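Visitor: The sequence shown lines up with residues 21 to 168 when you count with my numbering.
Hints listed in this document are in silico derivations from the structure and should not be mistaken for laboratory results.
Incorrect hints may have been included.
With a straight-line cut-off of 30 angstroms between C-alpha atoms, the simulated DSS-like cross-links for lysine-lysine are [as the list claims (entries may be wrong)]: (1) Lys114 / Lys151; (2) Lys114 / Lys133; (3) Lys82 / Lys114; (4) Lys82 / Lys68; (5) Lys127 / Lys68; (6) Lys151 / Lys127; (7) Lys68 / Lys151; (8) Lys114 / Lys88; (9) Lys88 / Lys68; (10) Lys127 / Lys82; (11) Lys127 / Lys88.
Distance ranges between label pairs, derived from CB positions [claimed, not checked]: (12) Ser93 / Ala163: 11 to 21 angstroms; (13) Gly80 / Glu125: 33 to 43 angstroms; (14) Glu63 / Ile168: 39 to 49 angstroms.
Model, not experiment: these values are computed from the prediction.
Virtual Cβ for every residue (Gly too), placed ideally from N, Cα, C.
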Amino acid sequence: MDAEITMSLLSTRLDATATKKSTNLNLNEHKIQTSPVNPQQGELEQRKRFAEVVRDLRAGRKYRAFAKLVGVSHSTIVDWENCNVSVSDANLEKIAFLRGQTLQELKDYVDGKNPISHIDRLLLMVNGASKEQLAVVMRAIAARLESI
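Produce the entire structure from the sequences given, and follow the hints as far as they go.
Guide: And the structure:
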């Protein structure tokens, strides 16, 4: 009788282990299909445009300082710039605000619907610049105005 109980327990454990392994395999397969590291081509283009936006807005600031300004971790900024992850609407809205845009305007740009002109790009960079960077820009503008 002890042998029957032992066999029954062993059989139950084997079934549970097989079920667990099957579940893990299914979860792993799902992760592979939706992995942020392997985005579809359209999504990759969106990530590239957003990465450009973040790089322009960061404008040479340290990752941690810029991350604090945005309200995210520095690793999130690195991931955005390296096109490793998609951005949430909440964070997209923060970036849009820092650029002086509406959420929809930034979404349209990231989706490739609305290219930004050179002057608009310059203005967006000025909006995201630090005080030190603005001082450099102001000196350059003053020098240019004097030469005209």
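Visitor: With reference to the structure, classify each hint as holding or not holding.
Guide: Here is what the structure says about each hint:
1. Lys114 / Lys151: Within the cut-off at roughly 20 angstroms; holds.
2. Lys114 / Lys133: Distance ~20 angstroms between Lys114 and Lys133 Cα, so the pair holds.
3. Lys82 / Lys114: holds (18 angstroms)
4. Lys82 / Lys68: holds (20 angstroms)
5. Lys127 / Lys68: With a Cα-Cα distance of about 13 angstroms, the restraint between Lys127 and Lys68 holds, given a limit of 30 angstroms.
6. Lys151 / Lys127: holds (27 angstroms)
7. Lys68 / Lys151: Distance ~27 angstroms between Lys68 and Lys151 Cα, so the pair holds.
8. Lys114 / Lys88: holds (12 angstroms)
9. Lys88 / Lys68: Since the Cα atoms of Lys88 and Lys68 sit roughly 22 angstroms apart, the hinted pair holds (cutoff 30 angstroms).
10. Lys127 / Lys82: holds (25 angstroms)
11. Lys127 / Lys88: Within the cut-off at roughly 22 angstroms; holds.
12. Ser93 / Ala163: 11 to 21 angstroms: Distance hint for Ser93, Ala163 is violated at roughly 39 angstroms.
13. Gly80 / Glu125: 33 to 43 angstroms: Violated, since Gly80 and Glu125 (Cβ atoms, about 24 angstroms apart) do not stay within the stated range.
14. Glu63 / Ile168: 39 to 49 angstroms: holds (45 angstroms)
Hints 12 and 13 from the list above are not met by this structure, while the remaining hints are.
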